Amino acid sequence: MPATGAAGGPYHHGDLPAALIRATLEIVAECGVHGFSVAEAARRTQVSPAAPYRHFPDRSALLAAAALTIARELHATCEEAVAAADRPEDRLAAFVSSYVRSAARHRSCFALLMDADLRTCHPELKESTRALIDLQLPSALALAEPQTAVALLEALRCLARGYAALLLDGVFGAPPSVCDSVAARATRAARNLASGYVT
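Residue numbers (UniProt numbering): 1 to 199.
Simulated from the structure, these hints should not be mistaken for laboratory data.
Quick caveat: nothing in here was measured; it's all calculated off a predicted structure.
Glycine is no exception: its CB is placed at the ideal position from the N, C-alpha and C atoms.
Keep in mind that the hints are not guaranteed to be accurate.
Simulated restraints on C-beta separations [stated by the list, open to error]:
{"id": "1", "residue 1": "SER181", "residue 2": "SER60", "range": "32 to 38 Å"}
{"id": "2", "residue 1": "CYS121", "residue 2": "GLY196", "range": "35 to 41 Å"}
{"id": "3", "residue 1": "ALA165", "residue 2": "ALA85", "range": "20 to 26 Å"}
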């Protein structure tokens, strides 16, 4: 017999962590990271205020789990974009474009990936960043010697995060309406950057 949440709605116990993560992403999207509370996530999933703590020890752990969900989606999206390009510089540019588009799509939730406190307390978030670097590494090595390739990856990371941050800050206008133009700018910048590192 299914368990019953605080508001009387049934839920399958095995799905509660996933439901809490979905609720967390909804709250962060609406209220930002600072507006998130475990109590509100519990209310939205119709469980008691104590129920989330059976799966996540604290607020930070639930936010980190939500951040990992975004990180996995980001990796999958970037991986698909990279696979669709042929030349190394085009693959790197496609990665940057996909990163910027993901930032526009997730908006407030994307900030979870850059939250310094979460990254310090949850090493798995740093590992997700490493996975993104590994996705770009073969293309960078195809263009340059290892030491230069590392410098290229550092520059590309700054470029991608910079465009994403400026987009989310509204520097270019409302994120949904300017996503295509900003992604195009980022793509050109990444391609130009990569061409300068060719050995």
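Going through the hints against the structure:
Checked against the hint of 32 to 38 Å, the pair SER181 and SER60 passes, with Cβ atoms roughly 36 Å apart. Range check, CYS121 to GLY196: Cβ separation about 37 Å, and the 35 to 41 Å hint holds. In this structure the supplied range 20 to 26 Å holds for ALA165 paired with ALA85, their Cβ-Cβ distance being about 24 Å.
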